[in-house]
Amino acid sequence: MDFRFSEEQTMTADVVRELLNDVCQPADLRRLMGEGAARDEARWAKIVEMGLAGALVAEDKGGLGLSAIDFVQIAEACGYAGLPEPLVENAGVALPLLAAFSDNARAAALLERALAGDVTVTVAHPANPFVSDGDTAEAVLVVRDGAVHLVETAKSTLVAQASVDPFRRLFTVEFEPSDATLVAGADEAGVPLAAALDRGALFAAAQMQGIAQRCVDLGVAYAKERQQFGKPIGSYQAVKHHLATAQVKIEFARPVLHAAAAQLEQGDLYSRARISQAKLACTDAADVAARTSIQVHGAMGYSWEVDVHFFLKRGIALTNWWGGTAFHRERVAARVFARPLGPEHTFAREA
Amino acid sequence: MDLDYTDEQKAFRQEVRSWLEKHVPGKPLPSFDASREGFEAHRAWERVLAEGRWGMVTWPESYGGRGLDLIQWLIFEEEYYRAGAPLRVNQNGIFLLGPTLMEYGTDEQKARFLTAMASGDEIWAQAWSEPQAGSDLASVRATAVLDGDEYVLKGHKIWSSRAVFADWAFGLFRTDPASQRHKGLSLIFFPLNAPGVRVQAIPQIDGETGFAEIFLDDVRVPVFNRLGGEGEGWNICMATAGFERGLMLRSPARFQVAARKLVELFSAHEAEIEPTVKAAVLQSWMDAEAYALSIYATASRLAAGGHIGAEASTNKIFWSEMDIAMHKAALSILGARAELLRTAPEAGDIGRWLDGYFFSLAGPIYAGSNEIQRNIIAERMLGLPRA
Chain A
347 MDFRFSEEQT MTADVVRELL NDVCQPADLR RLMGEGAARD EARWAKIVEM
397 GLAGALVAED KGGLGLSAID FVQIAEACGY AGLPEPLVEN AGVALPLLAA
447 FSDNARAAAL LERALAGDVT VTVAHPANPF VSDGDTAEAV LVVRDGAVHL
497 VETAKSTLVA QASVDPFRRL FTVEFEPSDA TLVAGADEAG VPLAAALDRG
547 ALFAAAQMQG IAQRCVDLGV AYAKERQQFG KPIGSYQAVK HHLATAQVKI
597 EFARPVLHAA AAQLEQGDLY SRARISQAKL ACTDAADVAA RTSIQVHGAM
647 GYSWEVDVHF FLKRGIALTN WWGGTAFHRE RVAARVFARP LGPEHTFARE
697 A
Chain B
29 MDLDYTDEQK AFRQEVRSWL EKHVPGKPLP SFDASREGFE AHRAWERVLA
79 EGRWGMVTWP ESYGGRGLDL IQWLIFEEEY YRAGAPLRVN QNGIFLLGPT
129 LMEYGTDEQK ARFLTAMASG DEIWAQAWSE PQAGSDLASV RATAVLDGDE
179 YVLKGHKIWS SRAVFADWAF GLFRTDPASQ RHKGLSLIFF PLNAPGVRVQ
229 AIPQIDGETG FAEIFLDDVR VPVFNRLGGE GEGWNICMAT AGFERGLMLR
279 SPARFQVAAR KLVELFSAHE AEIEPTVKAA VLQSWMDAEA YALSIYATAS
329 RLAAGGHIGA EASTNKIFWS EMDIAMHKAA LSILGARAEL LRTAPEAGDI
379 GRWLDGYFFS LAGPIYAGSN EIQRNIIAER MLGLPRA
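The listed protein sequences correspond, in order, to chains A and B.
Heads up: the first sequence begins at 347 in the working numbering, then just goes up one per residue.
Heads up: the second sequence begins at 29 in the working numbering, then just goes up one per residue.
FYI, nobody ran anything at the bench for these hints, they're computed from the structure.
As the structure is a computational prediction, the values presented were derived from the model and not from experiment.
Some clues are possibly wrong.
What the hints assert, rightly or not - What the simulated footprint calls covered on chain B by chain A, stretch by stretch (three residues with Cβ under 8 Å from a Cβ of chain A suffice, anywhere in the stretch; the number is not a length):
id, segment
1, 100-110
2, 282-289
3, 310-317
4, 393-403
To be verified - If you want the footprint, here are the derived chain A segments under chain B, 3+ residues with CB under 8 Å:
id, segment
5, 421-430
6, 571-582
7, 622-633
8, 670-679
9, 683-693
Claimed, not checked - Each computed EDC-like pair below joins lysine to aspartate or glutamate, with the alpha-carbon atoms no more than 20 Å apart:
id, chain 1, residue 1, chain 2, residue 2
10, A, LYS577, B, GLU407
11, B, LYS306, A, GLU676
12, B, LYS38, A, GLU690
13, B, LYS50, A, GLU690
14, A, LYS570, B, GLU407
15, B, LYS306, A, ASP630
16, B, LYS38, A, ASP348
All residues carry an ideal CB built from backbone N, CA and C; glycine is no exception.
Turn these sequences into a full structure, and let the hints steer you where they fit.
Structure (structure tokens):
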């Protein structure tokens, strides 16, 4: 029993954090938004260079063979930075799913290019009504009647669905399913699709955790600067208590998130409930933190000029991405009402 | 990160479980805050624990402990609450003062006080607050005047938990009469039966007498009863408060067991209650789990040489608010029966939820009000300026 990250895990996340701190500040986001774009090619090239595309793909399939626990802090960093590019969806969800079908020649060929960082892949999973980043992805893994098809975006019809988040590119996908597009029948697709949902929900939660901390940090920075009645507003208890309340949410979402990451590979009722709990807790933290930050900023908080709205909007988007509140609460209920409860079962797993 | 127990930890759990199965009283003990009888029944239980060397498993063997680590302490607590064992009447001693004595006491003080604390022979009350020093604890007025090798204590303490029946109390006294605020305070122990001590019980919201006023009128105690140096009381006291809020006062198992009972209550009444209650029940379970996971993370960090910081304050806010939410959920499941006292023929064991609800309302107040905790978080974690 040791509830701590290894030095290597933290070091890897630090490298990502430092890179994003250099190349993904709100000024960078505003520039990109001004260009009407959702991908900064120079930044994406640097991210690709880090070689993280295959983080969660097994070594014998050409990946790094890491686990969710190795990637969770990276996803938090992406949330904190408000990263527009699809590092989390591509490396965290799509490529491990694609790798599950690597017996299929088309899937294997695409995986090789994706691991090299030449292309990205995205997923149209039943948990989500849309597919993200379809415009820049080479191909989409689409589920039809439980079976998985691999469709080149060039051969499908993508209809853009504008998102409140200026950096999310959402689409509905239409294509002609055929034997040529099929990579896995319903009987073999179930387990990998469930794993994709777990990863998607976990890493969405991780981004929410990053978003929450960023919102508090922005609020704290402003509360130290802004003076009213001759003092920084952050010296007043009314303001302090708002921010402290948000930070408490963050502090108690974090261990749930990290336990969920550590338990993800179990793939059982217990780990699914923990992941869902993490999604709920981190979503709650992000919601409270974003609203608190806006309140602390006063009228500025409602302005386009202050950066909080980037994080508010990403939070709104991720709240229902990979399952909303009702969906995840039911997954928690499935564990609570079907398995023994109590302190001796905190780290339980299916035998 | 390794979230599995080692074989050694699993074996330890079994050892604790089988000992508790043999020794935990079959019937719940009467409250230690309502009568001398209940208090003494809990003292007797402390002695049983001490004989099995289960009183304080993290303490060194020389003071009646087992020298175990914090993960083993958590396992012990999990089994303790799982078994429905009695609440710890000496929590002011073993969870607050004990760890502080261990850190700041001389060998002679440790030998004198820790052993009797672990054995239940001496039950402790705390004497932090005064009528004019609550959240503003640094404005303590009670004085300790040095006279030879004795201090003469004078003053008025209030909200002293366990003081009605306990044997000893510890509190802050101004040893330097010219001093202001945090300076010039010392942490001093005094027997509650010493000449010049008068204890006046304060009835609580639930009718019990869990706290009291203490009037000290020229109470003489040896200098030996001062913990740490003269004038160092504030810093030592903050270390005590940190440990209390941070880790030991409310172990997660307590809430996980309450959450389990809440789910059982919900399942028994599901057909009659409105659907929104289900969300509150699930939230309670999730919060209890979150608190447990958080404490495991803290314990792992401390085991690796880390120190407890402002998370002592986040913990205190979290468990106290969770405790209220849990009991509110239970009362909403009980509906019109929620108001029944334990003694009502129709009550069954409903009454304990009402008792628990009352007690939960004290949570955001004692051990440093949640407003003070939010100030600490804002200033020490977030770096916001002091007022």
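Status of each hint after checking the structure:
1. 100-110: It holds: at least three residues are needed, and the segment 100-110 of chain B offers 5 whose Cβ sits within less than 8 Å of chain A.
2. 282-289: holds (count 4)
3. 310-317: holds (count 5)
4. 393-403: holds (count 4)
5. 421-430: violated (count 0)
6. 571-582: holds (count 5)
7. 622-633: holds (count 3)
8. 670-679: holds (count 3)
9. 683-693: Satisfied; 7 residues make the cut.
10. A/LYS577 to B/GLU407: holds, 15 Å
11. B/LYS306 to A/GLU676: Between B/LYS306 and A/GLU676 the Cα gap is close to 10 Å, so the pair holds against 20 Å.
12. B/LYS38 to A/GLU690: holds, 10 Å
13. B/LYS50 to A/GLU690: holds, 19 Å
14. A/LYS570 to B/GLU407: The given pair, whose Cα atoms are some 11 Å apart, holds under the 20 Å limit.
15. B/LYS306 to A/ASP630: OK: B/LYS306 and A/ASP630 at ~18 Å, within 20 Å.
16. B/LYS38 to A/ASP348: Holds, at roughly 14 Å.
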